[in-house]
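Going line by line, the protein sequences match chains Y and W. According to full-length UniProt numbering, the first sequence is numbered sequentially starting from 1. According to full-length UniProt numbering, the second sequence is numbered sequentially starting from 1.
Just so you know, the hints here were simulated from the structure itself, not pulled from any lab data. Treat each hint with caution, since some may be false.
[Stated by the list, open to error] The calculated lysine to aspartate or glutamate pairs, modelled on EDC-like cross-linking and capped at a C-alpha distance of 16 Å, are:
hint, chain 1, residue 1, chain 2, residue 2
1, Y, K118, W, E111
2, Y, K118, W, D14
3, W, K33, W, E123
[To be verified] Coverage of chain Y stretches by chain W, computed from C-beta distances (three or more under 8 Å per stretch; other residues unrestricted):
hint, segment
4, 13-19
5, 177-189
Even for Gly, the Cβ is constructed at its ideal location relative to N, Cα and C.
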Amino acid sequence: MQYFSENELVVPGQILSDNPRQSGFGTYVREGKVYASVMGFAKSINGVLRIIPVSGRYRPQRGDKVLGIVSDVKPNAVEVDIGGETTAVIKPHERETTPLKIDIGDCVLAEVKATGLKGIVLATEGLQKIPSGILISVNAAKVPRIIGRKGSMLQVLRRETGCDFWVGRNGLIVVNGPDPAHEFAAVAAVNMIEREAHTSGLTERVIQMLRKMLGRGDEDSSN
Amino acid sequence: MKIRLIDENGLRVDGRRPDEMRRMRMEVGVLEKTDGSAYVELGGTRIYAGVIGPREVHPKHLELPDKGVINCRYHMASFSVDERKPLGMTRREIELSKVIREALETVVFLEEFPRMMIDIFVEVIQADGGTRTAGITAASLALADAGIPMADMIAAIAVGKVDGVLVLDINEEEDKYGEADMPVAIAPHLNSIVLLQLNGRMTPEEVDKGLEMAQKAVKKIHQMQIEALKRKYRVEPEGLET
Chain Y
1 MQYFSENELV
11 VPGQILSDNP
21 RQSGFGTYVR
31 EGKVYASVMG
41 FAKSINGVLR
51 IIPVSGRYRP
61 QRGDKVLGIV
71 SDVKPNAVEV
81 DIGGETTAVI
91 KPHERETTPL
101 KIDIGDCVLA
111 EVKATGLKGI
121 VLATEGLQKI
131 PSGILISVNA
141 AKVPRIIGRK
151 GSMLQVLRRE
161 TGCDFWVGRN
171 GLIVVNGPDP
181 AHEFAAVAAV
191 NMIEREAHTS
201 GLTERVIQML
211 RKMLGRGDED
221 SSN
Chain W
1 MKIRLIDENG
11 LRVDGRRPDE
21 MRRMRMEVGV
31 LEKTDGSAYV
41 ELGGTRIYAG
51 VIGPREVHPK
61 HLELPDKGVI
71 NCRYHMASFS
81 VDERKPLGMT
91 RREIELSKVI
101 REALETVVFL
111 EEFPRMMIDI
121 FVEVIQADGG
131 TRTAGITAAS
141 LALADAGIPM
151 ADMIAAIAVG
161 KVDGVLVLDI
171 NEEEDKYGEA
181 DMPVAIAPHL
191 NSIVLLQLNG
201 RMTPEEVDKG
211 LEMAQKAVKK
221 IHQMQIEALK
231 RKYRVEPEGL
241 ET
């Protein structure tokens, strides 16, 4: 039996279900029952109970795409600073003929391959080096809102600002646009989404703000 | 001269009934630069709690390979008490830092943060009795606000004995001139006591009765904690990527 309604805001210790097999992210099992361990919105997805946290630092999970800055290149590992004072490593394959062409200070987007006692390991497959742009840091708990349902919010941002976005699940975002005015508008939009992440009708307000900002930006340049 | 703490009507120095709590107010997310924060007001007691982390352990030698560590600092402002509190950590503050840390360690899932540290700061701005219990209540709220996984929240209250009567939530005068002070912290869902201290003398029956009173009050405080948390985040989560 479920003790919560879909999308209910739950608090740590709140009972969620009688079925221990439903325990997912943000929940724990005690005496055969599932309880919430973080504050957030409870959801039941394919029979698994998950909590989408409303706050907190980023906790890396396997499969997450994260964005980071290369902080050190060692003979057998590349260290990447992924924000929140955490460091991840990229380990190139042993018999790699072409070493990863990344240097200290580069910005990379990569998938988390493993987490655990040995630290966070990023995958070399699908590793992207980001050429240039503005780096923004937001609360990792707000990233799902910036992406939007099935990427809807990102689509809006891309369409309205004409900028490219690289979004890391850890809360780091790179914006690269045609000119500074559009880039600044994009940054303002992202900050607005972060600030008002939990309000409704946000997409509409973001569009309005961007149109107003970019409209005014054009006027300024004509002076 | 003997100070009377209970008058002929059975009321206390501030006019409360023996089982009555002082007015309590809570707010969550009050500090910008922390990951989670809370403000708790209990009568004249005012406390801010802030949580930073999980982050890398500093100093490094405290690091544990299999679980996280909690670093807790209970600190009173110099102006929080009648007579200026000296600068630096006093013996009392060091003890309270430890008991608050130990109470919170019982509920936080530290094994999820190997080689990490969670910093908890409890700052007493104004003290009027019950700072350690209000501090725990605030710290637990701040932890929840910081999104740190924990088994349960903690709510705390003190029970005291003044003029031979058991009273709930003692204030400064009752603490100074009363017979006993018993702070209790409870994890309500786990139904376990995570902090129990006793200063003064109480009979076993009185302790039992006091615990019962504390338990009742803790339920109320816990309800207020939940409301404070929900007040900050209560909004429709439409359009979330799942």
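So, going through the hints one by one against the coordinates:
no. : hint            : in the structure
1   : Y:K118 - W:E111 : 14 Å, holds
2   : Y:K118 - W:D14  : 57 Å, violated
3   : W:K33 - W:E123  : 15 Å, holds
4   : 13-19           : holds (count 3)
5   : 177-189         : violated (count 0)
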